[in-house]
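Listed below, chain by chain, are the residues.
Number of protein chains: 2
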Amino acid sequence: MEAKPYVLGIDMGGTNTVFGIVDARGQVIARSSIKTQAYPDIDEYIAELTKEITRIADPVGGVEKIRGIGAGCPNGNYYTGNIEKAPNLPWKGIVPFAKLLSDSLGIPAVLTNDANAAAMGEMTYGAARGMKNFIEITLGTGVGSGIVIDGKVVYGHDGFAGELGHTKIVRQNGRLCGCGQSGCIEAYASATGVARTARELIETTNEPSLLRDLQAETITSKDVFDAAEKGDRLAKKIFDMTGRMLGEKFADFITFSAPEAIILFGGMTKSGHWIMDPIVEAMNENVMPIWKDKVKVLFSDLPESDAAVLGSSALAWELN
Amino acid sequence: MEAKPYVLGIDMGGTNTVFGIVDARGQVIARSSIKTQAYPDIDEYIAELTKEITRIADPVGGVEKIRGIGAGCPNGNYYTGNIEKAPNLPWKGIVPFAKLLSDSLGIPAVLTNDANAAAMGEMTYGAARGMKNFIEITLGTGVGSGIVIDGKVVYGHDGFAGELGHTKIVRQNGRLCGCGQSGCIEAYASATGVARTARELIETTNEPSLLRDLQAETITSKDVFDAAEKGDRLAKKIFDMTGRMLGEKFADFITFSAPEAIILFGGMTKSGHWIMDPIVEAMNENVMPIWKDKVKVLFSDLPESDAAVLGSSALAWELN
Chain F
-3 MEAKPYVLGI DMGGTNTVFG IVDARGQVIA RSSIKTQAYP DIDEYIAELT KEITRIADPV
57 GGVEKIRGIG AGCPNGNYYT GNIEKAPNLP WKGIVPFAKL LSDSLGIPAV LTNDANAAAM
117 GEMTYGAARG MKNFIEITLG TGVGSGIVID GKVVYGHDGF AGELGHTKIV RQNGRLCGCG
177 QSGCIEAYAS ATGVARTARE LIETTNEPSL LRDLQAETIT SKDVFDAAEK GDRLAKKIFD
237 MTGRMLGEKF ADFITFSAPE AIILFGGMTK SGHWIMDPIV EAMNENVMPI WKDKVKVLFS
297 DLPESDAAVL GSSALAWELN
Chain E
-3 MEAKPYVLGI DMGGTNTVFG IVDARGQVIA RSSIKTQAYP DIDEYIAELT KEITRIADPV
57 GGVEKIRGIG AGCPNGNYYT GNIEKAPNLP WKGIVPFAKL LSDSLGIPAV LTNDANAAAM
117 GEMTYGAARG MKNFIEITLG TGVGSGIVID GKVVYGHDGF AGELGHTKIV RQNGRLCGCG
177 QSGCIEAYAS ATGVARTARE LIETTNEPSL LRDLQAETIT SKDVFDAAEK GDRLAKKIFD
237 MTGRMLGEKF ADFITFSAPE AIILFGGMTK SGHWIMDPIV EAMNENVMPI WKDKVKVLFS
297 DLPESDAAVL GSSALAWELN
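Top line first, the protein sequences correspond to chains F and E.
Numbering-wise (the working numbering), the first sequence opens with residue -3 and increments by one.
Numbering-wise (the working numbering), the second sequence opens with residue -3 and increments by one.
What the hints contain is simulated information worked out from the structure, not anything from laboratory work.
Same chains, same names: a pair is fine if it fits in one copy or spans any two.
The calculated lysine-lysine pairs, modelled on PhoX-like cross-linking and capped at a C-alpha distance of 20 Å, are:
#1 K81 - K288
#2 K81 - K290
#3 K128 - K148
#4 K61 - K47
Isolated chain F, as found in the complex:
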């Protein structure tokens, strides 16, 4: 058996930091988490993370059995290992996270953003096994992307490539997006975008809907799904609008890297065929003839509970 048979995957979110020790077959053999927001001082955060990683590594032979650490972090820069000006994290400015954690544990560490981590996970353990060219689209609170070309995640000149959620779908009077621009696909096709579409349609139409029984400001994309499952026409219309917008953008994305597949990851994928059918329809209506009906759209098959940790850990296998 190899001296260092494991990698560590970290999924850092604004609320929690979840991590796990992963073996070469993609099994998470130990896991834990700490509260990100509880450590306004980065040094305290690193100390607590080190302590907890050391604790869960103990039963498998200690941290010296871990070959490398991969972390998916908001605004994580693969080239520098820094977290750069992440609005939802407690630490401001530029945080040299990879270096701090690597120094603290004595293990090489690499980081990227969560969508790129998902793409790596998909290629290593998921629906993109065997694919060299695909695009991972994460549909959650936001819309993220990880682009894989010739088997490698695209980082670009500065390390921040792959922000397809911030390409425009509406060019005139589009919704304000969290990035500061207007009309980005993220403002429409994220879970929050879908909820907003629901509220807008309730306010601006008279169409009867189960969604009208809910308090408008509490409606979530899950409520829209539940209503669609019950045959609610307005709910179906919301998914149709959202899916068609995504499909139109996918047609644009295909012209860039001519992927074998576009793979959907994240909470919104639970909407199943309600979101998938209009995506595929609009994508094939809008793509150049050479790609019509040729590019697959697939749901991620990373195991849901461990997907983020697995994705991040996949980065670490590339560390020598």
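We have chain F already, so just place chain E on it with the hints.
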């Protein structure tokens, strides 16, 4: 001196096929051309091309001094070496051009489309020397693109990646594009798109313009440039609309591959600041804050008369 110090570059167009022998410093040391349309039989075309290449190679030591052939061809597929269903060439279906020419001359040959060839040329001899991540945009009869990531042209799963001219800029009632879709940026920002915008503005407005002195159906992008140079407001407005559309699309392109620069190549670049200023303005207005004022937009500095041959020849240096 090396046994095989030269490469051959071929620029195949619907009308002419231009080719030249290029040395390692990017000097075209011999050149010629044949009429593409004069050979409806591909075998006759290959025979004539072989004869003419052999003739110009004679003074520099013969075709055995040529290491490889790079060809930029409409619908050229880098992976297969085939020209696939090119609408403007005399040969229908799939033509195994690289194999036919290679067999005929006894020299390895590789091909791609003209925009990818321009990107290779830019990186080898032009404005992208030293860059690893950039996007070449060709503004001519059409709008093409060659995307370079980590020093390599992106070909994608099928060999046809990099068709950014066919991403949408207008989603409702857009102009019909040559590709069969509607609203593509090519339908607005190509030389023919600019001429069409001129005709539309002449017909739908009363704004005085020097362009009204011309026959509407004969107006070219060159006429619009000449009018702008003379202070014509309508002509300036045409460039402003066109440049802003391009800039808005460039903001989307940046989210994909985070390039160091976007480089403009082709006839429309003669419009200089009339097209450049609105591009840069709209790009920076529409891009995510992390890229604002960070991505360069440059004109190609490949020598104009030899640019296409140089670009194609650059492909051949990569052959063993």
